[in-house]
Amino acid sequence: MRITQGCFSFLPDLTDEEISAQVEYCLARDWAIGIEYTDEPHPRNTFWEMWGNPMFDLKDAKGVMMELEDCRKANPDSYIRMNAFDNARGLETVTMSFIVHRPAVEPRIIMRRTEVDGRSIRYTHEVAR
Amino acid sequence: MDEVAPVSIDLRAEYEESGVREVLDELDRELIGLAPVKSRIRETAALLLVDRARARLGLSHDTPTLHMSFTGNPGTGKTTVAQKMAGLLHRLGYVRKGHLVSVTRDDLVGQYIGHTAPKTKEVLKKAMGGVLFIDEAYYLYKPDNERDYGQEAIEILLQVMENNRDDLVVIMAGYADRMDRFFSANPGFRSRIAHHIDFPDYTDDELGRIAGAMLDAQGYRLDPGAQAAMAEYVTLRRAQPHFANARSIRNALDRARLRQANRLFTQDRPVTADDLCIITAPDLRASRVFSGGLDPDSGRSKDDAHGL
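Those protein sequences? They're chains Y and Z, same order as listed. Quick note on the working numbering: the first sequence kicks off at 1 and runs consecutively. Quick note on the working numbering: the second sequence kicks off at 130 and runs consecutively.
Calculated directly from the structure, the hints in this document are not laboratory data. Note that beta-carbon positions come from the ideal geometry of N, C-alpha and C, so glycine has one too. Careful, some of the hints might be misleading.
Only pairs whose alpha carbons sit at most 30 Å apart, straight line, appear in this in silico DSSO-like list of lysine-lysine [what the hints assert, rightly or not]:
1) 167(Z) - 59(Y)
2) 73(Y) - 226(Z)
3) 250(Z) - 59(Y)
4) 73(Y) - 250(Z)
Heads up, incomplete: computed chain Z residues facing chain Y, CB under 7 Å, no partners named [what the hints assert, rightly or not]:
5) 226
6) 228
7) 252
8) 254
9) 255
10) 258
11) 296
12) 310
13) 314
Given only the sequences and the hints, what does the whole structure look like? Please build it.
Following this line, the structure appears as C-alpha cells:
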C-alpha cells in the first residue's frame, strides 16, 4: 500500500534529478537538510532514525545526494525522507519534508476493531507485512 | 535535446560574456607582481574556454581534469588566487556554485579510529559545487607513522577527486619541495592533478607596492621618511628567519600602526586628521628588524611564526 505523507507523496516518485532540484530549492533558502529512515511508516510514528546529523552550511545539492546514496545502500528496504529545517524563528523548524525512497514492497496499514465497554468499538491502525 | 550545434563560436564574445574577463582584470588589478601565476591562469582560462567551445560544437565531452596544486612560500598569495580561481571556474561553468572551502589537516583527519571518514566527508559535502583548498596538504601524509589517519583522508580524497570531477575542484597548496615529496609518495595525486602553478617570492619593489596598497585600503599613508624606512625594512626582513612575504609586511604594518597610536596617545596636543593617517619613520624604525634581531613581536605573533 502506497504510504502518503509529506510533500509530493501523491505524485509519482521523484527521480534523483527532481530530488536534487528540491534540495537546491531548500539550500537556496538557507535551510538545513536532514535525512531520516524507518521501517515503520505508521502515520503516528514521527520518530524516524536519523541518518547522520542534519547537514548545515552546504552550498550544493550534491552533498545531500551523496548521503542519500549511502543511506539507500545501507537501508534498501526502508522508507527514507528528507527534512528541511528553517531557523528563521530562532530554532530549527521542519518546514518541508518529503519521501525520497520506498521499499520495493510496501507494508499495508490495516485497521483493527476492538470491542470495549459493552458493545462500543475502538479503532486503531497497524502496519502489517 | 535536439538543439542544433552552432557552426561557429566567437571566442572573443564568449570571453566577454562569460565574465572571465572581469575575473582576470580583477586579478591584474588587485594582485601586485605574480606575473608567472597570472600568465598561467590566463592560459588555463583560455584552455577552458576552448574546451567549452569544443564541447558545444560536439567535439569532446570529457570534463577536463581541473585539480591543481599551488606551490610557493608563505604569503605569496596562494589563498587569494584560489579564491579568484573559484570565481573563474564558476563563470566558465566548471563548478556550479563557485565558493571556496579552505581547510588544513585538522579539518580532514580525525583523532581516533572511525573519526576520519565522517570528518573528511563532512568537508567534502560542504565543498561540493565549489573549490576545496587544502593548505599545507603534505601534512596529510606522515610517512614516519604508518597508523596515521591521514592515509584514510587521502584515500577518500582521491576517490572523490576521481568520481566527482564534475562536482568539485581540489586545489592543494604548500611549499614547493615538500609538495614534491608529498606527490612522489602519493602517485595517485600526481596523476590526478593537471595544473601545477608555482608562486614566486615577491621582489623588494613589489613588497613595497603591496605595503602601499595595504595601507591605502586602511586609510593610512607613509611619510617620505617612512617610505625609505619601509624599503630598508623589506630588505632586512627578507634576510631574517620566518620571512613570509606579504604576510610579514602586513604584520609589520600592524605593529607600526600600534606604535603610531601609542605615539599619538602619549603626545600632549590635539591630533589632526593628518596625524591620524600618517605613519612616520620612527614608527617603523622601532622594529627590532633594524637592530639586527628578529622582530620583537614575532614570538607573540603567531601568524608570523607560523609562516615558517
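Does the structure break any of the earlier hints, and which numbers would those be? 7, 12, 13
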